[in-house]
Amino acid sequence: MAVRKPPITTREYWAPGHAACAGCGCATGMRLVTKAFSEAMEEKYGDPDAFAIAHATGCMEVVSAVFPYTAWKAPWIHVAFENAAAVAAGIDAAWKKKGIKGKILAFGGDGGTADIGLQALSGMLERRHNVVYVMYDNEAYMNTGIQRSSSTPYGAWTTTSPPGKYSVGEDKPKKWVALIAAAHQVPYVATASIGNPFDLVKKVKKAAKVDGPAFIQMHCTCPTGWKSPIEKSVELAKLAIETGVWPLFEIENGDFNHIKIQSPGGGAKVKREGGKVVAIEFKKPIEEYLKMQGRFKHLFKRPEAMEELRNQIKEMWKVLGVEVTLPKAEE
Amino acid sequence: MPIRTVMKANEAAAWAAKLAKPKVIAAFPITPSTLVPEKISEFVANGELDAEFIKVESEHSAISACVGASAAGVRTFTATASQGLALMHEVLFIAAGMRLPIVVAIGNRSLSAPINIWNDWQDTISERDTGWLQFYAENNQEALDLILIAYKVAENEKVLLPAMVGFDAFILTHTVEPVEIPDQELVDEFLGEYEPKHAFIDPHNPITQGTLAFPAHYMETRYLLWKANEAAKKVIDEAFAEFEKRFGRKYQKVEEYRTDDADIILVTMGSLAGTVKDYVDRAREKGIKVGAAKMTVYRPFPVEEVRELAKKAKVIALLEKNITFSVGGALFQDFSRALVNEDEKPKLVDFILGLGGRDVTFQNLDEALSIAEKALRGEKVDEVNWIGLRKEIL
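Listed in order, the protein sequences are those of chains W and C.
Under the working numbering, the first sequence has 25 at position 25, and the numbering climbs by one with no breaks.
Under the working numbering, the second sequence has 262 at position 262, and the numbering climbs by one with no breaks.
Careful: at least some of the hints might be erroneous.
Each pair of labels, with its calculated beta carbon distance range [to be verified]:
id	chain 1	residue 1	chain 2	residue 2	range
1	C	Pro-2	W	Asp-211	42 to 50 Å
2	W	Lys-328	C	Asp-202	50 to 58 Å
3	W	Ala-15	C	Glu-38	55 to 63 Å
DSS-like, lysine-lysine: derived pairs with alpha carbons at most 25 Å apart [to be verified]:
id	chain 1	residue 1	chain 2	residue 2
4	C	Lys-286	W	Lys-97
5	W	Lys-96	C	Lys-197
6	C	Lys-21	W	Lys-101
7	C	Lys-245	W	Lys-98
8	C	Lys-245	C	Lys-158
9	C	Lys-253	C	Lys-234
10	W	Lys-97	W	Lys-271
11	C	Lys-289	C	Lys-253
12	C	Lys-253	C	Lys-227
13	C	Lys-227	C	Lys-314
14	W	Lys-97	C	Lys-234
15	C	Lys-21	W	Lys-96
16	W	Lys-44	W	Lys-165
17	W	Lys-98	C	Lys-21
18	C	Lys-286	C	Lys-245
19	W	Lys-101	C	Lys-286
20	W	Lys-260	W	Lys-271
21	C	Lys-311	C	Lys-345
22	W	Lys-44	W	Lys-260
23	W	Lys-101	C	Lys-55
24	W	Lys-73	C	Lys-197
25	W	Lys-96	C	Lys-55
26	W	Lys-97	C	Lys-21
27	C	Lys-345	C	Lys-253
28	W	Lys-318	W	Lys-276
29	W	Lys-98	C	Lys-197
Bear in mind the hints are in silico, worked out from the structure with no lab data behind them.
Yeah, the Cβ is synthetic: ideal placement off N, Cα and C, and Gly gets one too.
All chains should be built: construct the whole structure from the sequences, respecting the hints.
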């Protein structure tokens with residue numbers, strides 16, 4: 001009887017028993033990223049274990065390493081909120097001196113990366129450490145109880161961006177750290193999502209195999225903070241891609257003229273010129289993604305805010321060199 | 001053969017780092033310490049020091065990178081001062097809590113505002129509760145020696161605590177003095193290789209470092225830091241003894257000078273100790289029974305030695321370049337703690353002086369001594385006295 005080869009290694013570095021919420025998309029991310037990383041290490045160094053993890057303070061740190069337990073089967077260190085990139089740089093330097101072959105994987109949430117850890121991230125990228133930094137982006141400070149970060153999307157409710165008479169919810173556009181990382185002209189930068197695991201694994205492996213630093217901004221559902229159904233985390237993340245809310249792209253060596261855009265699926269029509277994606281006509285309205293989440297509930301009563309969000313998404317795609325059309329939900 | 005030469009304390013610190021052979025150095029420039037990473041850059045560039053030098057984007061990242069490297073099991077070094085040390089503050093607690101024997105050289109400098117680049121001890125004194133060992137150098141030779149000793153103590157398995165070595169901004173950092181550079185082989189024998197059993201990042205022996213501790217475990221970690229600080233007292237004495245045997249220079253946690261038969265002892269730290277010893281010589285010529293003592297080790301606080309010192313005098317005058325507002329200087333607080341339950345104890349009089357690089361002159365010391373003499377005569381004096389203030393601009 002033919003045994004089908006599993007699509008990804010059966011090795012596990014993120015063990016069950018961690019304390020993440022039911023339906024946590026970040027936990028799925030941790031598991032997939034470490035598996036992919038291990039495959040890359042096996043292919044690059046002939047050693048699937050040739051990596052260590054430096055973790056910023058945040059949800060995934062708190063739920064995975066409560067003394068005397070650990071969910072980590074790889075060497076793992078947590079130091080503080082804003083310095084995972086600097087700690088990873090220190091380990092990279094120590095490994096060089098000790099002659100340990102391998103790569104350092106750093107994890108930070110959106111708060112730990114886009115906000116308080118941005119400086120350390122920039123330093124690590126600029127100094128070209130042998131570190132892959134994965135930002136798990138659940139779009140708010142979830143560990144402290146759902147406060148807005150600079151990575152919170154326009155219109156979202158959080159405990160510090162409540163909608164009200166004078167508020168639409170979060171009133172600033174989402175900050176795309178991947179673009180900032182790419183401006184360092186590092187070998188590899190990408191966005192990814194737990195909503196497209198195959199693309200995620202491919203990108204993590206690519207990032208892990210480059211010489212020097214790489215950065216991945218990974219979209220992860222947070223049912224607790226997004227007020228979304230716990231059984232639909234992957235489906236929801238996939239909808240973010242299919243509706244145009246979450247772009248999947250790669251930027252190599254800071255070459256903004258040749259951004260690689262991955263097809264969003266969901267029936268979207270992708271127009272290419274000279275192999276380059278120049279326009280996407282999305283078929284699924286953003287409302288399909290938004291309506292599954294309590295954090296956007298108020299937008300359905302605020303058409304002007306809904307329109308502003310749609311405009312901001314279009315503007316974001318323009319930065320990527322892509323003209324998009326976003327359908328409106330039928331009334 | 002040791003080399004006798006002349007250099008600034010910053011260079012002495014860089015030489016100490018070179019002799020200790022750290023594998024990873026991460027540093028960020030700050031006055032008055034900048035020459036330390038500059039000199040180390042030269043050593044690395046010339047191949048005289050085989051280390052990774054991470055030119056970080058902040059002191060916060062400097063100490064964070066040292067934590068990462070130290071947790072990966074290698075000897076690390078950095079240098080900073082003042083605002084830089086303050087920016088490290090958060091991570092200093094973490095380095096101690098994770099029991100990582102990082103050594104940091106500090107050019108002791110005041111804290112803003114107003115911004116001021118000159119000497120006092122407020123930067124390191126403000127970090128006294130982090131769990132770090134603290135040594136203070138009187139001169140450039142001590143800066144070099146104490147950094148080597150700091151590694152020896154910090155890496156001892158009974159201790160495993162990070163250490164900072166302070167030397168006064170400009171007075172030492174930028175002043176050329178005779179320094180003997182010890183023989184590399186002797187330093188190698190003195191320090192040995194750093195091979196930690198508790199901190200490593202090995203793909204084939206994965207461990208988790210830096211966990212979350214609930215109330216069920218946190219307090220014990222603090223108690224173990226307390227115990228390690230206590231254990232460090234004996235380990236420091238042993239390291240001082242071994243250092244003296246190998247290199248011929250004697251160190252003591254509390255170094256006394258002409259304290260026999262003294263009525264008044266002037267206690268201080270850092271380069272001010274040199275001034276005070278000269279002053280004591282002059283006062284003795286006038287028949288004043290005064291001695292001096294220098295705190296080479298401030299953390300762990302040498303309680304026993306302070307109690308012994310206190311038996312020798314009727315008044316102890318604390319001359320300190322730091323201030324805890326509404327309380328007094330740090331030495332005054334710590335001496336009070338050491339002596340509060342002693343049956344017989346001297347009077348303590350605190351003197352705040354030399355802040356932000358204000359010169360401490362013999363006239364200033366005359367003023368302090370006259371207040372101490374009043375206390376000796378049983379007259380009432382202020383517990384905390386500010387010396388050398390420009391009253392005309394207040």
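Structure-based check of each hint:
1. Pro-2(C) x Asp-211(W): 42 to 50 Å: The hinted range 42 to 50 Å holds for Pro-2(C) and Asp-211(W), with Cβ atoms some 43 Å apart.
2. Lys-328(W) x Asp-202(C): 50 to 58 Å: holds (56 Å)
3. Ala-15(W) x Glu-38(C): 55 to 63 Å: violated (47 Å)
4. Lys-286(C) x Lys-97(W): With Cα atoms ~60 Å apart, Lys-286(C) and Lys-97(W) exceed 25 Å; violated.
5. Lys-96(W) x Lys-197(C): holds (20 Å)
6. Lys-21(C) x Lys-101(W): It holds: about 22 Å lies between the C-alpha atoms, which stays within 25 Å.
7. Lys-245(C) x Lys-98(W): violated (32 Å)
8. Lys-245(C) x Lys-158(C): At roughly 22 Å apart (the allowed maximum being 25 Å), Lys-158(C) and Lys-245(C) satisfy the hint.
9. Lys-253(C) x Lys-234(C): holds (10 Å)
10. Lys-97(W) x Lys-271(W): violated (49 Å)
11. Lys-289(C) x Lys-253(C): At roughly 23 Å apart (the allowed maximum being 25 Å), Lys-253(C) and Lys-289(C) satisfy the hint.
12. Lys-253(C) x Lys-227(C): holds (18 Å)
13. Lys-227(C) x Lys-314(C): Outside the cut-off at roughly 32 Å; violated.
14. Lys-97(W) x Lys-234(C): violated (33 Å)
15. Lys-21(C) x Lys-96(W): Holds, at roughly 15 Å.
16. Lys-44(W) x Lys-165(W): Measuring from Cα to Cα gives roughly 56 Å; hence the hint is violated.
17. Lys-98(W) x Lys-21(C): holds (13 Å)
18. Lys-286(C) x Lys-245(C): Measuring from Cα to Cα gives roughly 37 Å; hence the hint is violated.
19. Lys-101(W) x Lys-286(C): violated (69 Å)
20. Lys-260(W) x Lys-271(W): Holds, because 13 Å separates the two Cα atoms, which is no more than 25 Å.
21. Lys-311(C) x Lys-345(C): The given pair, whose Cα atoms are some 7 Å apart, holds under the 25 Å limit.
22. Lys-44(W) x Lys-260(W): Cα-Cα ~24 Å, so holds.
23. Lys-101(W) x Lys-55(C): holds (22 Å)
24. Lys-73(W) x Lys-197(C): holds (19 Å)
25. Lys-96(W) x Lys-55(C): Holds, because 16 Å separates the two Cα atoms, which is no more than 25 Å.
26. Lys-97(W) x Lys-21(C): holds (12 Å)
27. Lys-345(C) x Lys-253(C): holds (20 Å)
28. Lys-318(W) x Lys-276(W): Holds - the C-alpha atoms of Lys-276(W) and Lys-318(W) are around 14 Å apart, at most 25 Å.
29. Lys-98(W) x Lys-197(C): holds (15 Å)
When the structure is compared with the earlier hints, violations turn up for hints 3, 4, 7, 10, 13, 14, 16, 18, 19 and for no others.
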